[in-house]
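Assemble chain B onto chain A, guided by the hints.
2 protein chains.
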Amino acid sequence: MFMRIDHVAIACHDLEEKIALFERIFELTVVAREINEEQGVKEAMLHVVDGDGGGSYIQLLEPLSPDTPVGKFLAKRGEGVHHVAFGVPDVTEAMGEIGGRGVRLLDEKPRHGSMGSSIAFLHPKDVGGMLTELVQARPTDQGHNH
Amino acid sequence: MFMRIDHVAIACHDLEEKIALFERIFELTVVAREINEEQGVKEAMLHVVDGDGGGSYIQLLEPLSPDTPVGKFLAKRGEGVHHVAFGVPDVTEAMGEIGGRGVRLLDEKPRHGSMGSSIAFLHPKDVGGMLTELVQARPTDQGHNH
Numbered sequence: 001m002f003m004r005i006d007h008v009a010i011a012c013h014d015l016e017e018k019i020a021l022f023e024r025i026f027e028l029t030v031v032a033r034e035i036n037e038e039q040g041v042k043e044a045m046l047h048v049v050d051g052d053g054g055g056s057y058i059q060l061l062e063p064l065s066p067d068t069p070v071g072k073f074l075a076k077r078g079e080g081v082h083h084v085a086f087g088v089p090d091v092t093e094a095m096g097e098i099g100g101r102g103v104r105l106l107d108e109k110p111r112h113g114s115m116g117s118s119i120a121f122l123h124p125k126d127v128g129g130m131l132t133e134l135v136q137a138r139p140t141d142q143g144h145n146h
Numbered sequence: 001m002f003m004r005i006d007h008v009a010i011a012c013h014d015l016e017e018k019i020a021l022f023e024r025i026f027e028l029t030v031v032a033r034e035i036n037e038e039q040g041v042k043e044a045m046l047h048v049v050d051g052d053g054g055g056s057y058i059q060l061l062e063p064l065s066p067d068t069p070v071g072k073f074l075a076k077r078g079e080g081v082h083h084v085a086f087g088v089p090d091v092t093e094a095m096g097e098i099g100g101r102g103v104r105l106l107d108e109k110p111r112h113g114s115m116g117s118s119i120a121f122l123h124p125k126d127v128g129g130m131l132t133e134l135v136q137a138r139p140t141d142q143g144h145n146h
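Chains A and B, in that order, give the protein sequences. Residues 1 to 146 (full-length UniProt numbering) make up the first sequence, in order. Residues 1 to 146 (full-length UniProt numbering) make up the second sequence, in order.
Since no wrong hints were added, every one of them can be taken at face value.
Identical copies look the same in the list; a pair holds intra-copy or inter-copy alike.
Think about it this way: if two alpha-carbon atoms lie no more than 25 Å apart in a straight line, the pair counts; the simulated BS3-like pairs of lysine-lysine are:
| id | residue 1 | residue 2 |
| --- | --- | --- |
| 1 | K109 | K125 |
| 2 | K72 | K109 |
| 3 | K42 | K109 |
Hint data in this document are derived by calculation from the structure and do not stem from the laboratory.
Chain A with its partners taken away, still in its complex shape (with noise of 0.2 Å):
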């Protein structure tokens, strides 16, 4: 079911300086910025590594406000760990059988991603406390990677 650890997403006060800081001290590339109006946050891709599954990434994301989910999530939490998402070949297929065997989704059709993705998220009570989210790259990218 899972092709790669897609991404380990941060949430963050300031994404420029975060970006600094991870290009510095983790020798890691920005290759995609985005600013996700639906989900109210500003956000960087860093690669990591790519493989036949696909690409793994640190995403950064910084609250358009503090009335989103990141804002409120910061707001409690502080910096940190905010979701994990795992690449899946496809997406509607994957939530229909996770979704099958009682875990609730948060979200009832796939939404837009990072970099042409197609995304779902799970909700963490019912999978170890993990904000998990599942993710279906681009149809252009699948297996071309690298």
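Same frame as chain A, now just chain B:
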């Protein structure tokens, strides 16, 4: 520097219950179980994928007692992501490089990690609030994981 996202570690109250959950909902398989007295945890590695840079896993951690680091984490935050680990070719070298950039190391020298690996932790406050582990796989596993 980073060859892979080695694992995402989840702190839990009941290891066997969570293993059964993750096997059932995500079709994952346990490839190693271990008791690490030094770190005060009972743990399991669930295999996600192999790549040129080594394997990626979900690690489940149950504290051996409430007064261990993971026991205290659970009491304070509840179940969820405890740390994230990145694979490096040489953990001592990576500690030197990252430490030289002003990141505090929680370990003075590498210690024993899962499946015969050598590991070291970085101070979360210096790394965006994410407790971060560096992992050098057991020598015989390097590049032979798939």
